[in-house]
Amino acid sequence: MSADSFQYRALYEYKRERGDDISLQPGDLLTVSKLAILTPDYQEGDEKTPTGWLHGTNERTKEKGDFPGTFVEYVGVVRVGLSAGKPWPRPVPPTPGGPQTPVGPQSPGACASGGCGLGDSPEQCTVPDQAPAVVLRLTEALERPGWENEPLYRTLLDSSAPIELQQALDTDPAAVECEQYDLAVLADTLRAYLQELPCPIIPSVLYSELVYTAQ
Numbered sequence: 001m002s003a004d005s006f007q008y009r010a011l012y013e014y015k016r017e018r019g020d021d022i023s024l025q026p027g028d029l030l031t032v033s034k035l036a037i038l039t040p041d042y043q044e045g046d047e048k049t050p051t052g053w054l055h056g057t058n059e060r061t062k063e064k065g066d067f068p069g070t071f072v073e074y075v076g077v078v079r080v081g082l083s084a085g086k087p088w089p090r091p092v093p094p095t096p097g098g099p100q101t102p103v104g105p106q107s108p109g110a111c112a113s114g115g116c117g118l119g120d121s122p123e124q125c126t127v128p129d130q131a132p133a134v135v136l137r138l139t140e141a142l143e144r145p146g147w148e149n150e151p152l153y154r155t156l157l158d159s160s161a162p163i164e165l166q167q168a169l170d171t172d173p174a175a176v177e178c179e180q181y182d183l184a185v186l187a188d189t190l191r192a193y194l195q196e197l198p199c200p201i202i203p204s205v206l207y208s209e210l211v212y213t214a215q
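So for the sequence shown, full-length UniProt numbering puts the first residue at 1; every next one is plus one.
A hint or two may mislead.
Once the Cα atoms are required to be at most 27 Å apart in a straight line, the calculated DSSO-like pairs of lysine-lysine come out as [stated by the list, open to error]:
hint, residue 1, residue 2
1, Lys-48, Lys-62
2, Lys-34, Lys-15
3, Lys-48, Lys-15
Pairwise CB distance ranges (calculated) [as the list claims (entries may be wrong)]:
hint, residue 1, residue 2, range
4, Asp-129, Asp-4, 27 to 35 Å
5, Glu-73, Asp-41, 15 to 23 Å
6, Pro-96, Glu-177, 45 to 53 Å
7, Tyr-12, Ile-163, 43 to 51 Å
8, Glu-196, Thr-51, 28 to 36 Å
9, Glu-164, Arg-18, 39 to 47 Å
10, Pro-128, Asp-46, 30 to 38 Å
11, Gly-52, Glu-196, 28 to 36 Å
12, Pro-198, Tyr-74, 34 to 42 Å
13, Tyr-74, Ala-174, 20 to 28 Å
14, Gln-43, Glu-140, 24 to 32 Å
Calculated directly from the structure, the hints in this document are not laboratory data.
Being a predicted model, the structure only gives us computed values, none of them experimental.
Even glycine gets a Cβ: it sits at the ideal position worked out from N, Cα and C.
From just these sequences and the hints, can you work out the full model?
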């Protein structure tokens, strides 16, 4: 599965501050999934002047992780595969020329709040067999052509629609025509489904996009 993504070029050197950061060298090309930028506060053109943390792939090193938007410039739109992500909040990113801290071991408290090692012990938790298929069907429906022109966040007139859709997906994901539902219904169903999973173990290649879409 692929999706439109944004590409950026590093303007300044950036050294990793946390375990999920990636380092930058001037000239590095970074690819960021479009879905990772679509927050409730997103406005058209925000991707061209990023000010917060971005999550993407350094095409030079092939590393995936977080980097500050103030260190890069917007290049354009590309079509690439989906990238992994870390959805938890981050502090305000540094500005070019500010102090930078070398990467060090994470404290137990930081791991507890930030989700270190998420998914490292799958034997402690099991998700339903059909979960990947359900998540994939909902995500593909959310990425349908023309989705930019549909409202994603609005009050549902029929509050039972997400419940009915989720029940149908639990029965036979492949038989459900998700494209017939509004984006708001699909997003609400995806959010509810992820929240009801016994543990947040989702394929890393989809994790960031799913969380940002469901928020």
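Against the structure, the hints come out as follows:
Only pairs whose Cα atoms come within 27 Å are accepted, and Lys-48 paired with Lys-62 is accepted, the gap being roughly 22 Å. Of the supplied pair hints, the one linking Lys-34 and Lys-15 holds, its CA atoms being roughly 25 Å apart against a limit of 27 Å. With a C-alpha separation of about 23 Å, the suggested pairing of Lys-48 with Lys-15 holds against the 27 Å cut-off. Separation of Asp-129 from Asp-4 is about 31 Å and conforms to the stated range, judged on CB atoms against 27 to 35 Å.
Taking the beta carbon of each, Glu-73 and Asp-41 are about 21 Å apart, inside 15 to 23 Å as hinted. Look at Pro-96 against Glu-177: about 49 Å separates their beta carbons, and that is inside 45 to 53 Å. At roughly 49 Å, the beta-carbon separation of Tyr-12 and Ile-163 lies within the given 43 to 51 Å, and the hint holds. For the pair Glu-196 and Thr-51, the beta carbons lie near 34 Å from each other, so the given range of 28 to 36 Å is met.
For the pair Glu-164 and Arg-18, the beta carbons lie near 42 Å from each other, so the given range of 39 to 47 Å is met. Between Pro-128 and Asp-46 the CB atoms are about 36 Å apart, so this pair conforms to the stated range of 30 to 38 Å. A hinted range of 28 to 36 Å holds for the C-beta pair Gly-52 and Glu-196, which are about 29 Å apart. Under the hint 34 to 42 Å, the C-beta atoms of Pro-198 and Tyr-74, about 40 Å apart, fit the expected range.
Take Tyr-74 and Ala-174: their Cβ atoms lie about 39 Å apart, and the range 20 to 28 Å is violated. Range check, Gln-43 to Glu-140: about 26 Å between beta-carbon atoms, so the 24 to 32 Å window is met.
The earlier numbered hint that this structure contradicts is number 13, and it is the only one.
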